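Undergrad: Quick note on numbering: my numbering labels position 228 of the sequence shown as 228, and the sequence is numbered without any gaps.
Any given hint might turn out to be false.
To be verified - Pairwise CB distance ranges (calculated):
#, residue 1, residue 2, range
1, E264, L286, 22 to 30 Å
2, D83, T170, 35 to 43 Å
3, D323, K247, 40 to 48 Å
4, Y4, D236, 48 to 56 Å
5, R259, G308, 16 to 24 Å
6, R291, T30, 51 to 59 Å
What the hints assert, rightly or not - DSS-like mimics (lysine-lysine), calculated; alpha carbons at most 30 Å apart, straight line:
#, residue 1, residue 2
7, K146, K12
8, K276, K250
9, K155, K203
No lab work stands behind these hints, which were simulated from the structure alone. In this text, all values refer to a predicted model and were calculated from it rather than measured experimentally. For each residue, glycine too, the CB sits at the ideal point set by N, CA and C.
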Amino acid sequence: MAKYARNIQGAKVELELIEVDPDAVILDPTNPRVGFSIRQLQPAETSDAACALLLTSQEDTEALKRSIILSGGVQEPIYVRHDRTVAEGNRRVVALRAAREEFPQNPAFSSMPAWLIPEGTPEEAVQDLLNEIHLGSVRGWAPYEKALQMRALVKGGLIEAEVAERYRMTTNDVRQHIEAANLMDRLYFPIASDPTDAEHRTKFSYFLEFSKNGRIQRHRQTMENLPERFAHWVMDGRVDTGMKVRKLPKILDADEAVRLLEIEGFDAAEEYLAAKNPREQEFYLLMERTRQRLADMSVSEMMEAARGSDRLEVLENLRETLDDVLDNVRRVGTRKARGRRA
Numbered sequence: 001m002a003k004y005a006r007n008i009q010g011a012k013v014e015l016e017l018i019e020v021d022p023d024a025v026i027l028d029p030t031n032p033r034v035g036f037s038i039r040q041l042q043p044a045e046t047s048d049a050a051c052a053l054l055l056t057s058q059e060d061t062e063a064l065k066r067s068i069i070l071s072g073g074v075q076e077p078i079y080v081r082h083d084r085t086v087a088e089g090n091r092r093v094v095a096l097r098a099a100r101e102e103f104p105q106n107p108a109f110s111s112m113p114a115w116l117i118p119e120g121t122p123e124e125a126v127q128d129l130l131n132e133i134h135l136g137s138v139r140g141w142a143p144y145e146k147a148l149q150m151r152a153l154v155k156g157g158l159i160e161a162e163v164a165e166r167y168r169m170t171t172n173d174v175r176q177h178i179e180a181a182n183l184m185d186r187l188y189f190p191i192a193s194d195p196t197d198a199e200h201r202t203k204f205s206y207f208l209e210f211s212k213n214g215r216i217q218r219h220r221q222t223m224e225n226l227p228e229r230f231a232h233w234v235m236d237g238r239v240d241t242g243m244k245v246r247k248l249p250k251i252l253d254a255d256e257a258v259r260l261l262e263i264e265g266f267d268a269a270e271e272y273l274a275a276k277n278p279r280e281q282e283f284y285l286l287m288e289r290t291r292q293r294l295a296d297m298s299v300s301e302m303m304e305a306a307r308g309s310d311r312l313e314v315l316e317n318l319r320e321t322l323d324d325v326l327d328n329v330r331r332v333g334t335r336k337a338r339g340r341r342a
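Using the sequences and the hints, build the whole thing.
TA: Given below as structure tokens:
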């Protein structure tokens with residue numbers, strides 16, 4: 001079998017390419033795709049079968065199985081430790097097992113290529129190897145799973161700055177990713193009816209935005225249970241887009257808006273703010289943006305308007321229309337005032 005030496009963060013590791021029976025390798029219970037659900041089990045229950053069941057229930061594993069069947073086997077090698085524990089490639093193992101169960105006579109599904117990590121390789125080097133694989137992967141890892149990998153590196157002894165260098169991020173980015181993952185594990189997954197549902201992991205971006213938003217973090221200082229309430233808002237669908245997370249600080253500024261968010265939903269909270277502050281209404285928001293843009297006109301834009309009759313006509317029409325609207329508003333206001341006096 002082929003061998004090659006790989007330089008991993010300055011450490012030389014010699015890998016050997018072998019063929020393994022998918023039933024002869026052991027799935028990794030610390031895999032980010034099943035980590036939370038596995039941690040809810042007793043130590044004796046964290047078996048290969050439990051990992052396989054959790055991975056099989058995920059839609060992307062079924063899609064991978066179909067891909068393996070169409071391509072006639074696994075083409076991309078997995079990585080296994082010397083004791084045949086899977087270091088990287090759990091889903092491919094489970095998908096190939098399912099393909100062999102469906103087509104037991106097909107030899108293409110009886111084995112798969114694997115890079116064997118030699119015994120004695122420091123765990124830090126193994127984690128660095130996995131990190132490089134994930135960074136270089138065309139598919140990449142989902143954001144939540146990437147955050148779990150960052151957290152594992154920190155728990156493994158790396159400082160946040162070292163993790164940031166590996167992921168080409170800032171130290172603060174790493175800290176926020178880990179915080180968002182911790183919030184999900186501590187507050188969101190425990191209230192989910194089925195924490196293994198892959199749909200839940202797609203909500204990671206909401207928790208990351210929550211952790212990054214400075215105004216939201218300032219509100220945490222005065223609202224001790226804000227993270228818990230946010231987790232419930234996401235679970236209940238009251239906050240179901242990244243845009244709503246970014247708009248959340250304005251709602252948190254008003255107690256009544258927060259009350260409406262929890263009772264009637266996000267739209268009701270926004271309507272309350274719009275009625276209270278005209279600049280929150282779409283029409284007046286557009287007017288305010290137009291006013292600011294006109295105020296920020298550069299000298300070159302003014303010169304273009306002066307030279308171009310079409311541009312100047314647009315501005316003059318705008319002024320005439322605005323004058324007409326203001327006159328009409330004043331007239332309506334005057335009539336209402338007279339009616340009240342009568």
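Undergrad: Looking at the structure, which of the earlier hints fail to hold?
TA: Violated: hints 3 and 5.
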